[in-house]
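K.L.:
Here's the letter readout for the chains.
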Amino acid sequence: MSALTQTEQRPPAAPANGAQRVAYVTPAANILETAESYVLEAEMPGVGKDGLDVTVENGELVIVGRRADKETPGAALYRESRPLDYRRVFDLDPSIDTGRITAKMEQGILTLTLPKAEQVKPRRITVTD
Amino acid sequence: MSLIRYQTPEPTVWSPFDRLSTLRDEMNRLFDLSTPGFGGREDRLLGVWSPPLDVFQDKDHVFVKCELPGMKKEDIQISLHENALTISGERKNEREVKEGDGWRSERFFGRFHRSVTLPVLVDPANVKAQYKDGVLAVSLSKAEEAKPKQIEVQIS
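Sequences listed follow chains A and B, in order. Using my numbering, the first residue of the first sequence is number 1, and each one after it goes up by one. Using my numbering, the first residue of the second sequence is number 1, and each one after it goes up by one.
Isolated chain B (complex conformation) (with noise of 0.2 Å):
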């Protein structure tokens, strides 16, 4: 975020407008810091881990898209409950800290719980998963039911 630059008239000789733009540049890095991240610093302040979700569709298809770097493929669990998604799962770490070693902590690690609502009915069998570059992409195949239907209208 950056906030609207106050234009000050030129300066002819000495201004005292340095200054205060040297403030106003460390005031835009404040507010660039504390722009809230998704997944981020607020999850951080809550001391919980919930990665961030995204849904998609197209024509015949719901696609979920979860965000969950640095898990083991066996660790990930999904479920289908009539219409709402369930990813769930846990993240270990494995990184081993010694007594005198120097640590500083800004990950999750522990468990997670998302679940979503999909906007139509899917069908169960035809659901795929897949784990790449630490994002799970979740496929699901609209029911017949719920997919558009063109009708034919006979203009008499």
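Same shape as in the complex, but just chain A (with noise of 0.2 Å):
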């Protein structure tokens, strides 16, 4: 399969000044390539439509998701989710259109559609005499 599969835990750069990297969950992931387009499936619960930071930036797809339910309805007595944020970078396949990505936002999951570009979809070329 093409690089968007080809992910990595990419922390973000630890901060010149020494201080603290901030630390994320990273989501799990599914993707779907078909000969139109990528999909892309993130589980996040805990992020709303407004929480989510999705930016394309040197053929890389970095999604950021920022819970909106941080605060704790009084005292933990037992935790096993982590009250972090969100984060994981993909690599851009060459043959995304980065201006067609469309995000939907649902119960926890954010679905990204990333479009092939025309040209790399399975032409049939005739050939002339």
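It should be emphasised that the hints constitute simulated quantities derived from the structure, not laboratory data. Keep in mind it's a predicted model, so treat the numbers as computed, not measured. None of the hints are false.
Quick partial rundown of chain B residues pointing at chain A, CB under 7 Å, derived from the structure:
hint : residue
1    : P52
2    : Q57
3    : F63
4    : E67
5    : D101
6    : W103
7    : R104
8    : S105
9    : P119
10   : G134
Capping the alpha-carbon separation at 30 Å, the derived lysine-lysine pairs in DSBU-like fashion look like this:
hint : chain 1 : residue 1 : chain 2 : residue 2
11   : B       : K128      : A       : K70
12   : B       : K92       : A       : K49
13   : B       : K98       : A       : K116
14   : A       : K104      : B       : K73
Here a beta-carbon is modelled for each residue, glycine too, at the ideal position from N, C-alpha and C.
Put the two chains together into one complex, using the hints given.
P.N.:
Laid out in structure tokens, this is it:
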């Protein structure tokens, strides 16, 4: 498969002043590649539409999700979830038309549709004499 | 997680530690990768879906939160038996994968089942649940006898 799947947990660069690096949770993601597009689904429970930040820069897709529910309803007795924001970086396949990426957020699932550019879709070439 | 930096003395001319620091950064990255996420990698190794669950309490209530992204409200079941709360359900994959498509999957689909013993008795008639942003929040009222009581003591 293509470069979009060659994902890596790439932490943000450590601040130069030696401050503590912000910790993030890496959301689990599913990626489907069809002839026309890629569809990426990332799990970010606790993140609403407003907490979402998706950027494309230098051939990288950066997904950041900020939790809306950081305040706890009382004292924690038992805790398995991590009250951290989400971040994950993907390498973008050059075939992706970055101008037409669309995003949808529904019940903690971010769905990104990344269409492939016209010229990379398979084309039949007719042979002329 | 970050390893504590080994402070090399200031290099004067050429330092073989430059190479080592690259290796060290790479090692740090590896440790970051292996840091287990709750409901994350260790579950994947076990092959079951065990959504993360939290329990909170205040004076009058117990709150249970469970991270269940991408579910339908109808597919979540909550039951209370004495002070044992059970959350279960099934998440279905609705994405259709056709032959010839590429597919990479990290998410879980299928059934899950979580049970938790609440710290105190609760009023079974007073349980509320809300599902928002992929998080199920159950709010339970403590039973009258479990609430802390102020007792006036007469000092003679």
